[in-house]
Amino acid sequence: MDSFFSNPVTDWLSGVFTGWGMNPDAAHVLTAFIAILLLITVVMVLDIFLVWTERKIVARFQDRIGPNRLGPFGLIQPFADIIKLIIKENIYPKGVDKIVYNLAPVIMMMSVLLLWAVFPLSPILFGVDLNVGVLYLIGVGSLGTLSIIMAGWSSNNKYALLGAFRQVAVMISYEIPMVVALLIPTILSGSMGINDIVWAQDVWYIVLVPLGFILFLISATAELGRAPFDLTEAESELIAGHHIEYSGMKFGLFYASELLHTFTFGGFIAAFFFGGWRGPGAETYPILGLFYFLIKATIGYWLFGWIKYTLPRIRIDKMMDLNWKFLVPFSFALLVFVALTNALLADFVGSWIYWVGMLLSNLLFGWVTMEILRRRARGEREKVEGVQPVAEGGH
Amino acid sequence: MECREKIMTAMQIIFGITAAVMVGSAIMVVTTKNLIHAALWLIVTLFGAAVLFATLNAGFIAVIQVVVYIGAIAILFIFAIMLTRREKGDTGPGLNRGWWLSAVIAVVVFGGLTWLLQGWDGLSKAAPALGPSFDSVGLLAETLVSPEAFVLPFEVASVLLLAALVGAVYIAFQRKGEE
Numbered sequence: 096m097d098s099f100f101s102n103p104v105t106d107w108l109s110g111v112f113t114g115w116g117m118n119p120d121a122a123h124v125l126t127a128f129i130a131i132l133l134l135i136t137v138v139m140v141l142d143i144f145l146v147w148t149e150r151k152i153v154a155r156f157q158d159r160i161g162p163n164r165l166g167p168f169g170l171i172q173p174f175a176d177i178i179k180l181i182i183k184e185n186i187y188p189k190g191v192d193k194i195v196y197n198l199a200p201v202i203m204m205m206s207v208l209l210l211w212a213v214f215p216l217s218p219i220l221f222g223v224d225l226n227v228g229v230l231y232l233i234g235v236g237s238l239g240t241l242s243i244i245m246a247g248w249s250s251n252n253k254y255a256l257l258g259a260f261r262q263v264a265v266m267i268s269y270e271i272p273m274v275v276a277l278l279i280p281t282i283l284s285g286s287m288g289i290n291d292i293v294w295a296q297d298v299w300y301i302v303l304v305p306l307g308f309i310l311f312l313i314s315a316t317a318e319l320g321r322a323p324f325d326l327t328e329a330e331s332e333l334i335a336g337h338h339i340e341y342s343g344m345k346f347g348l349f350y351a352s353e354l355l356h357t358f359t360f361g362g363f364i365a366a367f368f369f370g371g372w373r374g375p376g377a378e379t380y381p382i383l384g385l386f387y388f389l390i391k392a393t394i395g396y397w398l399f400g401w402i403k404y405t406l407p408r409i410r411i412d413k414m415m416d417l418n419w420k421f422l423v424p425f426s427f428a429l430l431v432f433v434a435l436t437n438a439l440l441a442d443f444v445g446s447w448i449y450w451v452g453m454l455l456s457n458l459l460f461g462w463v464t465m466e467i468l469r470r471r472a473r474g475e476r477e478k479v480e481g482v483q484p485v486a487e488g489g490h
Numbered sequence: 024m025e026c027r028e029k030i031m032t033a034m035q036i037i038f039g040i041t042a043a044v045m046v047g048s049a050i051m052v053v054t055t056k057n058l059i060h061a062a063l064w065l066i067v068t069l070f071g072a073a074v075l076f077a078t079l080n081a082g083f084i085a086v087i088q089v090v091v092y093i094g095a096i097a098i099l100f101i102f103a104i105m106l107t108r109r110e111k112g113d114t115g116p117g118l119n120r121g122w123w124l125s126a127v128i129a130v131v132v133f134g135g136l137t138w139l140l141q142g143w144d145g146l147s148k149a150a151p152a153l154g155p156s157f158d159s160v161g162l163l164a165e166t167l168v169s170p171e172a173f174v175l176p177f178e179v180a181s182v183l184l185l186a187a188l189v190g191a192v193y194i195a196f197q198r199k200g201e202e
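Line by line, the protein sequences give chains A and B. When we follow my numbering, the leftmost residue of the first sequence carries the number 96, and every step to the right adds one. When we follow my numbering, the leftmost residue of the second sequence carries the number 24, and every step to the right adds one.
Bound-form chain A, shown alone (with noise of 0.2 angstroms):
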């Protein structure tokens, strides 16, 4: 825990401050708040401008502008639509558990501040470099989905209540193939550590290991509860899910809070998978890091902006059916599969052979699984087809 945020402009401010005739461990405490409070601070604006984003990204992809109104391109939008959501009345509805109604927004937003903790932004720039950092993420989400449960239960009210239950179901099941997805750079790397991990990847592990990517997207949107995997809040059914009872800030926190955990979550898929600060020169000019880390960050934002904004939301059952009967097992074959080429391979760690063999049995578990599916789809047409004839004959 001594590494929280110890760096050269953390270190000249305990400095500074131990000057001053501050007790060395009282400058540490006071320098790694400051640094926590500039962090929060920037990750807040940041999320304010996310808003924009989203509208432009949804506007771009509904063939409309979107925001264009107040300011250039209508970046002062978001700020009006602050004002608006502060000064709305305070409301509670009838049969509301005050307490909890009131903590499940500052849970939600807690649960999505607290992944910044163990953020890579830069070789020397992360809050801290937990050796278990990849569990952390999970432990952390756990978090989120109490909140929502929360505030389903405390609205009082059955569509709340309803959205709270899905999203159970939904963590619940989704949480085993994000692990295994996560445990795929785990293994390849050799450490748990989120900066490790970065450290490790001279080659993007995304071209070690595409299936490990997939998989971690299509779990991390079901974690983050966007589209096609919002059935949480399905607007058609069930109106807006468990934050339907919230207004003004309370719902901006909500909002809020989803926008920032999926660009945190662009954020993760970067540092996994696409090298993190990594970039040419990112080691010794670290704010280029950061600069590297947060175009990546914002490509895997836009990236699930693009699945949201493409792809209908599809039912509970079937998502279901797709996380325990396909990504379940097949996310077990390939952790098994990945770590046995992983050791196949170890002789040649760092060398081309070892890349292009990683990729290619990647790309052939790929391709099995592909068939396997495609013959058990053609078995199922056959049976559904088989019957049909028999159903028309039989007068």
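In case anyone wonders, no lab produced these hints; they're calculated from the structure. Positions of the beta carbon are idealized from the N, C-alpha and C atoms, including for glycine. Any given hint might turn out to be false.
Mimicking SDA-like on lysine to any residue, the simulated pairs with C-alpha atoms at most 20 angstroms apart in a straight line are [as the list claims (entries may be wrong)]:
1) A:K413 with A:A472
2) B:K56 with B:T68
3) A:K193 with B:V52
4) A:K420 with B:Y193
5) A:K420 with B:A191
6) A:K193 with B:V67
7) A:K420 with B:G190
8) A:K193 with B:L58
9) A:K420 with B:V189
10) B:K56 with A:G190
11) A:K413 with A:V431
Ranges of calculated distance between the beta carbons of each label pair, as one might list FRET restraints [as the list claims (entries may be wrong)]:
12) A:M415 with B:V91: 19 to 25 angstroms
13) B:D158 with A:I129: 28 to 34 angstroms
14) A:K420 with B:Q141: 55 to 61 angstroms
15) A:F443 with B:E171: 30 to 36 angstroms
16) A:I181 with B:I37: 31 to 37 angstroms
17) B:D158 with A:Y380: 28 to 34 angstroms
18) B:P176 with A:I129: 44 to 50 angstroms
19) B:A191 with A:W107: 55 to 61 angstroms
20) B:T137 with A:K413: 33 to 39 angstroms
21) A:K413 with B:I37: 43 to 49 angstroms
Based on the hints, put chain B in the right spot on chain A.
Chain B in isolation, oriented as in the chain A frame:
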């Protein structure tokens, strides 16, 4: 050495706060009348346990505590409560006739543990400072699968869990022609 003592006191302060929160929330778990509130207080208690693990340099176990106990078990508790209780404001007598018996047992266990641990020097010892190269996760993994250490209990536990899994599937499985 002076610096070491300072860390010790900081750790003691953190321990004191965490322990107080844990005990308080544990009492709330058994005394609060609303079942959902009890489950939420239970989560606070479990989170306190995770904090204690983290202060003991057991980061892996702390995170696992959150993932398993809060992320799965406590949420399933809440799920079961929400599914089985019809009325939301579900209030009833929180205590039954045997409440004093459990209170006595709790006090006796607490007293017994205090008495047993009185002579143990581990209570006043500072945790050894671990360098950044100390790989606690790797050591744990090696301990779990090495034949000299815990591979047999580990495997037995796995088989037990597998048996429970198969049993759950067997119970929940709907045979064809059976409604």
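**Asked** Can you name, in rising order, the numbers of the hints this structure does not satisfy?
**Response** Going through the list in order, the structure violates hints 11 and 20 and respects the others.
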